[in-house]
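Visitor: Here is how the chains run, residue by residue.
Number of protein chains: 2
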Amino acid sequence: MPLGDRGSDKSEARFCGVETDFNDDMPQVLSFNLSTGGFDFVVAPLMDPSYRPSLVQNNSLGSGALPFAASDLVLSPSQWSSHVVGKISSWIDLDSDDETLRIDSETTLKQEISWASHLSLQACLLPAPKGTSCSNYARCVNQILHGLSNMQLWLRIPLVKPDDDSVDAKPATLVDSWEIWNSFRLLCEHHGQLSVALDILSTMPSANSLGRWFGESVRAAIINTDSFLTNGRGYPCLSKRHQIFINRCFNHSIQIIISGNSGHPKASADSNDFHNYSVADLQRHPLRQYLEYVGHLYQKLDPLPDQERFELGYRDFLQSPLQPLMDNLEAQTYETFEKDAMKYLQYQRAISKALLDMIPDEEASVKTIVLMVVGAGRGPLVRASLQASEETGRKLKVYAVEKNPNAVVTLHALVRLEGWEDTVTIVSSDMRHWNAPEKADILVSELLGSFGDNELSPECLDGAQRFLKPDGISIPSSYTSFIQPVTASKLYNDVKAHKDVAHFETAYVVKIHNAARLAPCQSVFTFTHPKPVVDRESNQRYKKLHFMIPNDTGSAMVHGFAGYFDATLYKDVHLGIEPSTATPNMFSWFAIFFPLRTPICVKPGSKLEVDFWRCCGTTKVWYEWCVTSPSPSPIHNINGRSYWVGL
Amino acid sequence: MPLGDRGSDKSEARFCGVETDFNDDMPQVLSFNLSTGGFDFVVAPLMDPSYRPSLVQNNSLGSGALPFAASDLVLSPSQWSSHVVGKISSWIDLDSDDETLRIDSETTLKQEISWASHLSLQACLLPAPKGTSCSNYARCVNQILHGLSNMQLWLRIPLVKPDDDSVDAKPATLVDSWEIWNSFRLLCEHHGQLSVALDILSTMPSANSLGRWFGESVRAAIINTDSFLTNGRGYPCLSKRHQIFINRCFNHSIQIIISGNSGHPKASADSNDFHNYSVADLQRHPLRQYLEYVGHLYQKLDPLPDQERFELGYRDFLQSPLQPLMDNLEAQTYETFEKDAMKYLQYQRAISKALLDMIPDEEASVKTIVLMVVGAGRGPLVRASLQASEETGRKLKVYAVEKNPNAVVTLHALVRLEGWEDTVTIVSSDMRHWNAPEKADILVSELLGSFGDNELSPECLDGAQRFLKPDGISIPSSYTSFIQPVTASKLYNDVKAHKDVAHFETAYVVKIHNAARLAPCQSVFTFTHPKPVVDRESNQRYKKLHFMIPNDTGSAMVHGFAGYFDATLYKDVHLGIEPSTATPNMFSWFAIFFPLRTPICVKPGSKLEVDFWRCCGTTKVWYEWCVTSPSPSPIHNINGRSYWVGL
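Protein chains in written order, with the numbering used here: chain A, 1 to 647; chain B, 1 to 647.
Next comes chain A alone, as it looks inside the complex (with noise of 0.2 Å):
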């Protein structure tokens, strides 16, 4: 039964496995570890472990039958897909330098996976490789999973690396295996049916190093017995930094198993051995215990706060950018993003500021402020600039310029009920077109995309600047974009899964979540408004930027660039998605996602240069993109034509 209820999370976390031996009773391999021992599924061995493809046909071919551990006829077929994920048999080694074992390894591995694609489970377990050449192993998995239809497989890969700074880590001739997995991976393609098993050992590498496994495809963390404390009533407990681990494989849907003999006192106080079922025996299961602190664990997790629990579909989810000024907002995207109180409530403080500091008390019953909403959509802006004028006792004339004639409808509407007429004109135009009929002390706008300027805002407002006084004043006064270099296999794969080079030169809205981070953000572009006039600046950057990828955190793939902005709407008060610097509780934007073509790895210690570019041509504004260190990429996206916003 699953582990417990986190509301809307219906992640596959819930769910708790038990590595089993080989056994031919499925069915009471089942009844034990389901019912008995309240697991949710079981990872079982397929085939008799002494089978060898090549004793049997020296010998005598026999019947015919393989040595399976069942006939698919003792369970239902969806007690075989839901409860039973075959664990392929260990002793195969495909890079050995004995050819013969070599051999009876491809053989066995692809009878067992034919085995259990027959057998219709949704994943086999593959055993580790044996050393750090896996090429030969990869092809025959990758020549597998090219003719498989939806089965999974997961590599087991146990969690270590050496010279971190774990306490007790050895400098032995030990490799990071997280290689492995980038060479396997790499030889396979990414294939999006395989994943990575963890298997958890007593010591950890270090936070920066286990990091990175959040950003790669990994379905199960199995946790021997042997990696258990023991409280100080004789019962299992995990140490703090494998709570720690263990928690965030709970929020990033990767499924615990639990493996080994029960080893601790209160565990099962009567047998050590749960393979030798008797009747009294299965009343209690030896690793009961292991799987009730696990249940403690997820159920002592803080539940999902509201705005995650709303974000919940969206993870990982790509999306096309908005292109507002090309096309018409539709009545449902102005609906959601008015929502966000937050926005409104910086913009109305940024404006409540800018009053204060233009009119002195003394002059607030005669001075009347013009302010333009640049880009008003259904008038959120208009009722932030009225309260920040009611707030502050100044006095407002409001013209309200938006060039969508259905949002005008809308404006209409709400100037009416709102009895704004004194106040408040319409203007029903593109801001970069309309002749004003005054200037205005203030510019008030929200043109900004996840990466700041992706939506056009420098070049809608340098249409404006023409009817901005001198010395008037610009809301938002300046934003400035970010990246960050990120492992993103779900994305990086969903964005392949395209098959042509378009998807990877276009830059998705998406709310990154089983990413790695690898470096802190760094600034990009930044616009400032009003532009000094005298200032012939064109709206066209280059910005070369280099991340240092932390020594302690291993060689990493970096799947692309998470992006996000930050504005300065006024003086001190901001408004942005830079993680380090996020106005909290704001839900109108996610992050920006710029795909690699072809993932890079950095080594520990190394520099990830990279090259950004905004270019500006007459019908469209666009970005490029490379990398020029630790090798050079191609540059993506040439003269836009993949990605571009349209002027």
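Be aware that one or more of the hints could be misleading.
No copy labels: a pair is met if it fits in one copy or bridges any two.
[Unchecked claim] The list that follows gives simulated cross-link-like pairs (lysine-lysine, BS3-like), each with its CA atoms no further than 25 Å apart:
#1 Lys110 <-> Lys620
#2 Lys543 <-> Lys110
#3 Lys353 <-> Lys469
#4 Lys130 <-> Lys543
#5 Lys603 <-> Lys496
Rather than coming from a laboratory, the hints here were simulated on the basis of the structure. None of the values given here were measured: they were computed from a predicted structure.
With chain A's structure known, arrange chain B on it following the hints.
Guide: Just chain B, lined up with the frame of chain A:
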């Protein structure tokens, strides 16, 4: 006028150019350099070098005409396109820290290329990147390339590599200029219209390092007059190392361009300034002696051997390998291969040796050897066998087994024509299915592809082995395939032009010419015949290879692997195309080329680890391959999805 005549070699290398300074009298530039100087083309600046867009715009826009060297009307369209290469302003620096210079550079570059394109020039010479960082330059050139029709862009690259074995190399902060080229072209994704013009300096890097360039797209070698020595009589000449390099340029269609001022006593007795034309100067060109020296080198070249002349049209031309088992060869194909006298001579020698070993002189008149030619085609191996019989005085009974019914028609005609009816029995059958009436002493076959086993010789001979006596012999007795990593940008670009994965997962038969062989060959798969009966060995193979890139090569790009074979016919009689042991004067096989989907950059002194598999299914045989070090590539041709040989 061309440097000379090399018979059928009509390569671009016949033409020699001269680099000139800015001059707005283009007809005189052409007349002086072509008619007086004897050069074939000029590399001339198109724009006044003092022009800077930012200065023009800040002052006045003037007449709006850019300061180009000449109106397009001063020369005929064919003069522009045949005799002028545009030299882009050398002051441009798109990666400068000075933003004004950067933007001026981009503007000028685009204006000049646009003008050159308007004039239909064949090529423009781009100045060398100023520093080691060239990403903004590459971005701009890449944008231009994607809008160009036919014009080539030649990026000027000085031929320098520090720490090489040349005597006067400076261990300064110089970088290997190949690295700059490599970054630039990776950023531009191997664009087919982007090539290199190498600046030849007075010192030459090591031979291994120079060798890399012959696998790159090099169109021109610019020799500055400073790089010439002075011979005993005061005339310009080149060092031995320069001569060797220039000769290789000639052989790789690389044009020579002379640059600089005359600095040799006998080069121009009167004038050192050839830009200051006077009527008297028109009679002599200060660089004429340099041109004549280059012409002298060209004319000194050995004439192309017959076979090379015959194969000129096949250089670097990708062909799909034959499928002689699945398809029937055409008469034309038999006709071509039967002309390969050397091949059949080797077979005759092998058969003679075997006959002498099998029958001592005293039994020669009483014993008859049963020899079966399996895959007899139109009979050349039957003829070789009978000639061996005659040569050795050993008696033969010959079976000629052939599966192609069309070839069998010719075989019957041949036997009648030659009066071989008593000796030769023709069998129209696939050797894998033939029920032989008796067993053979000798099995003769020639089922070899460029990669040895790639035309399924192993599978065919497995089938034929049924009718070979236990102590019988097979000619060939074994064959081995070989590969070596190569730089081959021409081949890579031709594969890439198909814009799909399948062509990158196909092996091609090709006369590899413009390529750099980066390491000596290593053996891959060996097949021996007859197979020992107890040996149930399959024809599947797996080989991991380690290539060491020599230290003095510098970094290099691996575009794929050149493949060859060597066959042991009988004892010391062999036949093969592996370069170090190739049978001379044989033309039946070109090399085979296994491409890599993504070229891999290897560092000097580093290890390149490569895996090759020969996989066998029920209906086909195929290869899979991958690189595992320095970084793993995807496994190519999974399950033979792109390229296979039908059984």
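Visitor: So, for every hint listed, does it hold in this structure?
Guide: Hint-by-hint comparison with the structure:
For a Cα distance limit of 25 Å, the shortest separation of lysine 110 from lysine 620 across copies, 19 Å, qualifies, whereas the shortest one inside one copy, 53 Å, does not. Taking CA atoms no more than 25 Å apart as the test, lysine 543 paired with lysine 110 passes between copies only; the shortest distance there is 21 Å, against 50 Å inside one copy. Taking the closest pair of Cα atoms, lysine 353 and lysine 469 come within 25 Å of each other only inside a single copy of the chain (18 Å); across copies the shortest separation is 103 Å, beyond that limit. In this assembly of identical chains, the alpha carbons of lysine 130 and lysine 543 lie at most 25 Å apart only when taken from different copies (18 Å versus 45 Å within one copy).
Taking CA atoms no more than 25 Å apart as the test, lysine 603 paired with lysine 496 passes inside one copy only; the shortest distance there is 24 Å, against 29 Å between copies.
Of the numbered hints given earlier, the model fails none.
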